Structures are given as structure tokens and as C-alpha cells.
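A.B. asks: Next come the chains, spelled out residue by residue.
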Amino acid sequence: MIEVRDLRKIYVMGDEELAALAGVTLTIERGEYVAIIGPSGSGKSTLMNILGGLDRATSGDYRFEGEDVAHFSDDQLAEFRNRRIGFVFQSFQLLPRLTALQNVELPMIYAGVGVAERRARAAELLERVGLGARMGHRPTQLSGGQQQRVAVARSLANRPDLLLADEPTGALDTRTSEDVLALFGQLNAEGLTLAIVTHDPEVAQAARRRITFRDGLVVSDERTGVPA
Amino acid sequence: MNPLELGRFALGAILAHPMRSVLTSLGVVIGVAAVVMMTSIGLGAQQRVTQAISGLGSNLIIVTPNFQRGPVSQAAGAGVSLRDADAEAIRKQVADVAAVAPVVRGQGQLAADGANWNTRIEGVTPEYLDARDLTIAAGRMFDEREARQGRKVLVVGATVARELWGDDDPIGRRVRVRTVPFEVIGVLESKGQSGFGQDQDDVVLAPLSAVRSRIVGRRSRGDSVQTIYVKAADEESLDRVQEDVINVLRDQHRIRAGEDDDFQTQNMASILAASQAAVGTFTVLLAAVAGVSLVVGGVGIMNIMLVAVTERTREIGLRMAVGAKRSHVLIQFALESVALSLVGGLIGLAIGVGGAFLVAKLGDWPAAVPAWAGPLALGFSVAVGLLFGAYPSWRAARLDPIEALRRE
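From first to last, the protein sequence lines stand for chains V and L.
Taken in order, the first sequence gives residues 0 to 227; the numbers are from numbering that gives the first Met the number 0.
Taken in order, the second sequence gives residues 0 to 407; the numbers are from numbering that gives the first Met the number 0.
Check the hints yourself; a few may be wrong.
[Stated by the list, open to error] Reference excerpt, derived from the structure (chain V facing chain L, CB under 8 angstroms, subset only):
#1 47
#2 48
#3 53
#4 73
#5 77
#6 80
#7 86
#8 94
#9 96
#10 98
#11 111
#12 115
[To be verified] With the Cβ distance kept under 10 angstroms, some of the chain V side facing chain L (calculated, not the full set):
#13 0
#14 51
#15 70
#16 74
#17 84
#18 90
#19 92
#20 100
#21 110
#22 112
#23 114
#24 135
#25 153
#26 156
#27 157
Quick caveat, the hints were computed from the structure, so don't treat them as lab data.
Note that the structure is predicted; figures quoted are calculated from it, not measured.
Just so you know, even glycine gets a beta-carbon here, dropped at the ideal spot from N, CA and C.
Please construct the entire structure, taking both the sequences and the accompanying hints into account.
C.D. replies: What follows is the structure, encoded as C-alpha cells:
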């Protein structure tokens, strides 16, 4: 599903050039559950942003389902993020003025889904993540774990092909982390492709493939087949 | 996506900070209110001036001596150059003249039945009523014969009648005008205040020859008059009559070709046009000054929109992450700015119209809100919102989503 070839991302800082990605080549198949690990600054978040269409590589090839994402226009990328990708961030990134339900509706509004349909779908997704009783709550009225589950529901709104999570448990305690991981496990079991950037060994353990980054390069890529 | 949703986003953001939104709009409120008030007051003034000038008489040409003749300007009255004969000549030689009324003016103390009143005294002929569009409310005007004989009779204005006799009937009463006894034979219909703040009812009319011999006689030549009113038969002939009057008078005064007139003629229509133009210019000036506050209001909106973009950087990043195009972000913020400005414009319009009526009431002034005030105010506020929202919206739209999401 994802084919990345010799991907480079170079940041120019004054006279110095810093390679966040120094030639990454990898493939991710449909239905995989991938953990991307490595020390901070190793380029794993940069890769995720490029895979999600939030950022562009300096050079290299990126194909998603055969489409040449590397050469998408800004508007094409926006549409790509909207329809194909679901993002889950470490800091949840919920809009504080909106209720849980409205937050989940947001991607569907940009996709042009009608009011009745998107409201029903958002409610269904919140039910699904166990927040059926809290749809009218605002983010500040929810715990961290609940907020992250709203964010997961939002990421699923437009039935994405790929769910990208950047340190999804980074701001959560152990117990709520487990809840979120269990949710990821279920989603993957239903066929959703997941790629998770993490420091957390437990999260990495849950995945079925671990790609380790160092200095902008893939240093190991191991498959465990079944989650540990 | 449905563009209405962008409008909903914008409204949501505005309603999230009601106080701030109101304060942001305040500049536009004041700007629009000021523009609407100024144009309304200006239009009211213009109508007032029109009323006042047409109140002097329609199709009227006013002939006065030209005091500024020659290199040294002379004291008023010194250059009195109009004579009875001039009025006679106009009557005889100019076609399409409805009335010719020479006037001698004086000022004097009136005393009657224990009361005193100082007023304008006009020595006129019966045609004067016709020339100035005056009518008699009670009693009668003196006739040609009485005028010729210089009978000491008076037609008094409404103010004079009220001041001297209150509610009593003035007809038949005796009045001393500077010690000369006159008899009141008529009362003029009230014309009210003129546009120039002069009470048009504070006047008495007497036969020209009587005024000349009894009241102003010692100070001027026996046959001079101060003003000749010439009323044209209709509006179409006004300009031609004015031309003819000038030619007749130049002839009378033996002014050679190339020499300046020793009199001047003013045509009511041109006075009206000139005054209206003057008031119009003044109105435009006032509105322009008020327009400046509209610009200041716009700058206020821009300021708050820039703050909003900075504050909501993360929101913008998130919207982009879940699929907002740059154009969606641009339009959302532009709509927000336009909505703030438009609401300000609506409130300002209401205040402006209300203020115009209030000023009209307090100042005894016709309230005249121009029909285009509404569309203009709203058009302007939309334009201000777009203009000053453009830069903040553009800043929002060109944010980098990753940077934006990272912003605290």
C-alpha cells in the first residue's frame, strides 16, 4: 500500500544542512500494524508527517496505493489527508470550543458529508470508543484517556486507509494507555492499517512489525507476526 | 464541502468571544453611524436651504447696487445707484415680467398701545406681495393710489402684530413709527423662520413714498431705491428676463460696452444651485472625515483578526490535518472578519439613523436619511471587513500545518 524509496528530508539551518531523513526506503502492506521506534531526532516523526501528507520530502519517491503523493498539489494533499489518513496526536489536538461529537464531525464537514449522516456516524464512532454517554462534553470536561479516544474516533471519521499515530500514549497513564492500545488492536483486527511512532516499549510490543530509526535511516525492521 | 459550513465556523468563533467581538465591531459601529449621521444631516441642511431660498419667492431676480465698483470699495449705501426710473424702465421694456417691486428699507422703533418693537420697515409698492409670494392674512394691502399718495398705512408681519397687540386684532390701530403716526390696515400671512435664521414675519410694509419721505428720507436721494425685485412670468423665461434686465439697466445708467455694471442681479435659481452645491460639498467633507473613523474601525478588526490567527494557530493546523484546504481556512477567516464588520455596520446604521432623527428633532431640522444610506453603509462595512480581513486570513491560510500543530 505504501512504497517509499530513497526518501530524504533536508533542513537547512544557516550554513548547515540537517538530514532528518537520509534516504529511507520501505514498504507497508495493507492491514499491517507497524511501530516506528528510535531516539528523538532520528527522523521517525518526520517520516510520519510525510506519510500523512502534512509535509513534503526534499527528494525521493512516495506512492500510496500507486498514487504519486510526492507530486501532489497542496489541495490534493488536503484531500488525501481528509479521505485516506487518520491522525492521532500525542496532545490529542481537539478543538476546545467544540463538543466531542462536533470534534468527530469535523473531518466529515471538510469531506462534504451532510449534517444528518455525519452526526449519526460521529455518534456511532463515539459509541464504538466507549464514549457514547459523553458526546456533548467539551474536551476540558474529559480525562486524557477520554480525549484520546475522541481523537481516535475523529481519525476514523472518513474511513481512512491508514491510521497514523504520533506518540499516542505519550500523555496518558499506564491504564488509559492500555485502553487506547486495546482499541488499536481491535481496529487492526478489523483490517485497518496502523503506523505508530512511539518511545513506549509497551506500544512497540503491541505492534506486529517494528521499524527502528537512527539518524534518519532505518537500522532494523523486524516482524513478530503475532503481537507479543 | 458545503460553503455554509465555513460560515458556521466563522460565526462559532465570533460567538465564542462575545465581548471581544462587540469591542472589535465598535470601530465600524462608530464609523458607519458617523457616516450615516453626517450624510443625513447634510441632506437635511440641503432641504432646509432649498426651503429657505424658495421661500424668498419663486422665479425671482433680485437687483441690488454694486458696492464694489471701482478700485476702492465704498461704504454700504454710498453707492446707491438704483432709481424709481429703473424699475419703471424694466416694467416697460422687459417682456414676460410678472411683477417689478422697488424697495426702500429702514429700521425703526414702533410704538403702539403702550408696547414697543423694533423692526424692519420696507417701503414697497402693492406689486411687492406678488414678487415675494406673500399673502395677506387679515385686512388688506394698500392699493396703487394709496401708494402713490404716500398714505401713512402699514401692513404688519405676524411677529410685529403679536409683539405689539398679542392676540388682539391689530387692524385699524394707530402705530408711531419713529414718531410718525401710521394706521394698520393688514396683517401678513406668517412665513416663519427663514433658513438663514431670520424671522420673516418681523417686518412691516408701508407705501414706498411714505417710507422715503418720513423715515429714511434725510439719508438718501429722493428717488433712489435699495433693491428692485423682478419676478419673471415663469421659470423658462427667468434667464432671459435676467439678461434683459441687465441690458435695460446698463442702458439706463449709460454704461459703455466694456465697463462693469454698477448694479448686480441675482437669480433665485442660481442662488439655490450655489447654496446647494456649498452644502453638498460640506456634506461630502463631513462624510469623508467620518469615513476616516471607518478605516480606523477596519484597522481594529485587522488587529483582532491577527491576534485570533496567532491564538488559533493550533486550530488552523488541526483543521488542515483533517482535510481543510488553504482556501477553506482563508474563507473561514475572511468570513469572520466580514461578519464582525457587517454586524458593526448594521448596528452603526441603526445608531446613525436614530441619531439623525434625534439631531433633527433637537435642532428643528428636517430629518432626511438618504435612501442609499442603508446599502452604502452595509456595502462599506463588507468592504472594510474584506479589506482588513484579507491580510490576517492570508496569514492563516499560508501556515505550515506541522508548525501550526506544534505551536503552544
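A.B. asks: Check the structure against each numbered hint from earlier and tell me which ones fail, lowest number first.
C.D. replies: Hint check: 1, 10, 12, 13, 15, 20 and 24 fail, others pass.
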